[in-house]
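S.K.: Put chains C, Z, L, U and E on the given structure of chain G with help from the hints.
6 protein chains.
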Amino acid sequence: MIVGVPKEIKNSEFRVAMTPAGCREFVAHGHNVLVERLAGEGSSFTDEEYIAAGGEIVDTAEEVFDRAEMIVKVKEPQPVEIARLRRDHVLFTYLHLAPDFEQTAGLVKSGAVCIAYETVELPNRTLPLLAPMSEVAGRMATQVGAEYLLKPMGGRGMLMGGVPGVLPANVVILGAGVVGMNAAYVAVGMGANVTVLDVNLDRLRYIDDLWGNRMRTLYSLRHNIEEAVYQADHLSRHHLPFSIAWIKSIHFTI
Amino acid sequence: MIVGVPKEIKNSEFRVAMTPAGCREFVAHGHNVLVERLAGEGSSFTDEEYIAAGGEIVDTAEEVFDRAEMIVKVKEPQPVEIARLRRDHVLFTYLHLAPDFEQTAGLVKSGAVCIAYETVELPNRTLPLLAPMSEVAGRMATQVGAEYLLKPMGGRGMLMGGVPGVLPANVVILGAGVVGMNAAYVAVGMGANVTVLDVNLDRLRYIDDLWGNRMRTLYSLRHNIEEAVYQADHLSRHHLPFSIAWIKSIHFTI
Amino acid sequence: MIVGVPKEIKNSEFRVAMTPAGCREFVAHGHNVLVERLAGEGSSFTDEEYIAAGGEIVDTAEEVFDRAEMIVKVKEPQPVEIARLRRDHVLFTYLHLAPDFEQTAGLVKSGAVCIAYETVELPNRTLPLLAPMSEVAGRMATQVGAEYLLKPMGGRGMLMGGVPGVLPANVVILGAGVVGMNAAYVAVGMGANVTVLDVNLDRLRYIDDLWGNRMRTLYSLRHNIEEAVYQADHLSRHHLPFSIAWIKSIHFTI
Amino acid sequence: MIVGVPKEIKNSEFRVAMTPAGCREFVAHGHNVLVERLAGEGSSFTDEEYIAAGGEIVDTAEEVFDRAEMIVKVKEPQPVEIARLRRDHVLFTYLHLAPDFEQTAGLVKSGAVCIAYETVELPNRTLPLLAPMSEVAGRMATQVGAEYLLKPMGGRGMLMGGVPGVLPANVVILGAGVVGMNAAYVAVGMGANVTVLDVNLDRLRYIDDLWGNRMRTLYSLRHNIEEAVYQADHLSRHHLPFSIAWIKSIHFTI
Amino acid sequence: MIVGVPKEIKNSEFRVAMTPAGCREFVAHGHNVLVERLAGEGSSFTDEEYIAAGGEIVDTAEEVFDRAEMIVKVKEPQPVEIARLRRDHVLFTYLHLAPDFEQTAGLVKSGAVCIAYETVELPNRTLPLLAPMSEVAGRMATQVGAEYLLKPMGGRGMLMGGVPGVLPANVVILGAGVVGMNAAYVAVGMGANVTVLDVNLDRLRYIDDLWGNRMRTLYSLRHNIEEAVYQADHLSRHHLPFSIAWIKSIHFTI
Amino acid sequence: MIVGVPKEIKNSEFRVAMTPAGCREFVAHGHNVLVERLAGEGSSFTDEEYIAAGGEIVDTAEEVFDRAEMIVKVKEPQPVEIARLRRDHVLFTYLHLAPDFEQTAGLVKSGAVCIAYETVELPNRTLPLLAPMSEVAGRMATQVGAEYLLKPMGGRGMLMGGVPGVLPANVVILGAGVVGMNAAYVAVGMGANVTVLDVNLDRLRYIDDLWGNRMRTLYSLRHNIEEAVYQADHLSRHHLPFSIAWIKSIHFTI
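Residue numbers (my numbering), protein chains in the order written: chain G, 10 to 263; chain C, 10 to 263; chain Z, 10 to 263; chain L, 10 to 263; chain U, 10 to 263; chain E, 10 to 263.
One chain only, chain G, in its complex shape (with noise of 0.2 Å):
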């Protein structure tokens, strides 16, 4: 099969959908891997890497869509992509249709048999394909969260580790699926105090199995939430008597 791999286009979006490793993979499986030329500069792949990987570079885009069978792309096609879809393309992107009337019509109206990554589904019903961006927002969010802590982003000047003798910062997180899970490792990991609240019993069983008192597990109702977000709400910025008072906002000076 050929496929293709053409540059994103839409503002912002810096991935490419195919990793010179990945186009290795499917050389290596009999396919041809067309890939735009610099579409995986966004990402710091050069056109050397999937040149080696066994794929060809193309100038456009439109040499991509015209000579490939599948398309592969990170983001929903924008209109002048759609347009170059024929019938007997298969498109494998995040299509994310629901909302967007606009596109769907444009995709029927190509005829092209389109596969949307959010929809791909394990036969024990997981979804593959958002099981790995779940994970990714999910450590994301605790980093970012943490900036968000410090005074020059508008927060309290307050570290999430704490230091010995200082309170961490308190997080509380609702739910206990991948998102929720791998922003309670990263919370855990920088020092936070963590509570993690499910309605899943099992699941915040399998966290007391891995975490013990690293993390603490909350059945989560009406009032626990309430209790434990007011808790951490509780800004605990009184630790320290004169000496190492201001530790808690050092950051936004140094």
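Note that these hints are calculated values from the structure, not bench results.
It is possible that some hints are incorrect.
Which copy is meant is left open, because identical chains are indistinguishable; a pair holds if it fits in one copy or across any two.
What the hints assert, rightly or not - Calculated pairs, SDA-like style, for lysine to any residue (alpha carbon to alpha carbon, straight line, at most 20 Å): (1) Lys19 / Leu159; (2) Lys16 / Pro161; (3) Lys19 / Ala92; (4) Lys84 / Pro161; (5) Lys16 / Arg165.
M.R.: Relative to the frame of chain G, chains C, Z, L, U and E by itself:
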């Protein structure tokens, strides 16, 4: 040297000053060890074990004091024992003389060399015969405290470690010395939410090195103590909906 | 639905079937909750907390039974309660009917729909209303067991976790189910030397994954049980020389 | 003693020299504490909290300097503050005089006793008022570094901790002192692959004791630094096939 | 049933099919167990232990086959053993028939019911009699591999776990199944820098849950395998200055 | 200074006194380094690496000794090397003179300044050039010991770490110094059941801090050593029923 081990006679004292293993060490170093018959009984050591370790069983305390050059005991000598001390005796035991004029006067009068365990000091100024007592006391403290959280003991019917979905008990420990750290070690192990306060930041740093966020460290100030204890006291007893609401007090009917 | 929560009247039963948090959930789903005056007292819940959660306090058990459509309790209904049940009642509580002919006959005669907590089963055949009991029971078991190692409780005067230089207690756990694993979790945390036996190797593998050599797993055979128990019973009480020989039994004089 | 806490006036300095908790300690020791109105505002402490802690709120910095015997601050005094210093003042703050002739001359001229936090030294030659700054700096460093791995911050679009199947970032830390170890602690916690270099083998041994193979230690030589940094720089960005190839840069579109 | 345990006769096979503990279980279930004299010798089990477990020691293999209804062995039957099989025998052992026509023909001709351990399958399609072999093989693999890093064994003179200041060996494990995970478990324990590759992301997620950054997980692609192995092969042997430069190869002179 | 690195000539000594990394450090400090051709071969260092590090390769040992001011070696000088020493040489290597009169006399006669690695002492009285040897020796000891548990090496056919359901080997370590702790570290990592004995309780406390109940500490007395070794020797080899009974000795047929 002839070392004598009388049976302890103070009320409720079941310990013995020398184990068979200790006896064996003395004998291996060329000493003779006299053990009063049944001296080890309260600690589950039989006379036969002392004999196997090279000791000699003698029938009465009188004989132990009569023949021995050094008397080793657990508790301070009782009046009947003081009366048996001679000028050529060495007495090695806990004395705690400060509040006990009568004993002090008796020992002075006996002329014996009396060495109190609690005053033995190493060059680095630590007290090697008190430290193990502190370790035991610390570990016991948490264990006993856990019992007193239970309803039949007059507690709130709370389980030290909680269960998945129910918060564990909060344990606040004032002072991160030997007692405190051993108490904290057991409390964390039982699943409690532990906060340790001390004015020695280096000590808190060592705790943070060892335990990370399995324990929380807090600089010991009036404000912090109050806040930590207040939060621990604010019993979290609303965490579950009806179907498993009573698991916090189940223990008294088991 | 009108849900009624009578005060438990069985001897030594201090629990209550619904916490204020549970009450709040019921109310949030559109139900009315009637709570008998002081029903929560034994579990430290005040009438005011139930009112704040949207419940209504009623003065007598009679009124609870009279007005409620579903009765939720902890323990099986006592004769006076059975007499209050009506054909249009739903009773939701632990029943344990098997050995209790009188209760069974009474419930049949009442005509009420009686659902026993202990029989509620999920599609995967687990018993969600028994599992938390098992968790509590397992964690309690070790805690109570540790007490019974102490001299005043008739034990050998042994500290569960030992101290540095003195071996801890050996804990042998037969069965790695919910009770066993929760018992093991606390025992390891208290510092004991724990061996878990089960015939389910997959369960032992999971334990090995989680705990590595903080716990030992052993296939459950007659021979292995005997050997494990024998070693645990072979009390290691000779470990220290004279100077700190008695630390194993100090607890009863603290 | 009358202790004065003026509001910090240096640009971008939001900290305050004494927390309400510190104020309470001073007052408990018999001192009077004067706090300039809104001095704690930038650190989220209200005037009311200082009053509750026994402090007195005064309206102006002039009054603080006028009435206080000791002035505690965060940053070196600004010219307007230097002008307010008197011969009978004690000034306690960070000074960093070395590069600042003008300040030095001003302080000398004032005749005040000026004690720089950064010069306070314990008998064991550690600097107790700098160490917490280093702890904060180290923990912040990793947190900030993680941000700069992200695409929108000019980084390569890399997630500190990776996700299962994708390697985490490599973090190389030169120097295993307070800053280094605190940076390493957070980096390991976020899931990074951490290598710490130092010329002090005893320090590396302590790290190995604490962290085992969650961290790698390397003797600090030109060759080793180069090699460690080279490997960290050799961005591992090819690890996934096409279906989840872009997860390393997803964060900027979330 | 009469169960017979002949001594293994295949070259270099020192194992025995049934331990005394196993014998005891059979006897407890009402079976008779015949054990050939010295059958357990290669595994350090004495005839007396089998007798104590309720077994009967018989002098020859002939008698075992003659009297037993089921023969349990370790390795496939050797020609002389096949000749002893009868139509009314059950043979339970590893067979590995696929490459062994001669054995297959012999077993068919014997008419015995032959059950190969390696084909026993549980309802969930796992192979319970192969899994423990895989566990042993995995744990052994690392141990043996560590030996082959040593100079006298033809290796580079490298210590698996390094020492503080010297990087440990890199271990790359292809496949996170039972063998791979057990190999990884020991490698991490010995201090190596471990990378595990697999195409099963759920398996890698479980590893990440258990091990966090004590191990690195990598999706198994041609590119990733090459890169992981290349880095492992890029022997880090320059890490120390002259004073302790040779510690990596010291082992062969100890 | 001109530093010379001759190739080691003692039988079975494959190490080299200076790595290329060490050479680079010397050169960076302004020294000249002469390395005998192929001196690094036994440790996998090429002449090219020394040249790249700024060293000079010389053809013979004679030339190294002739031109160098300081000679660095691994092992004590052999007679032919002693003969090359001059009054203006500094020799820096392991000497172990005590049992070696001939070498001592030769060195004295040469007039060279000879500094033995094993005598270099820091102000705190530690021996920095022996400690890494002890670390290597300790880690190697367990690894080698594990091999000698195997049947082909004359052992009982026992796997260090056991597998789930089968107890691991018991490892008893006498002395918790550098060698002992490094041996213990690897033994725990491999899954063994480890007991460490020492007379230094502070050392045992540090072990307890670091390892908790992954290791057991025991005060070193005659009785305790005997008991610990006896238990370790009481090989637990009966743990499994017949179906997986032989997994303890499988390794020799893999």
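S.K.: Could you check the structure against the hints above and give me the numbers of any it violates, in ascending order?
M.R.: none
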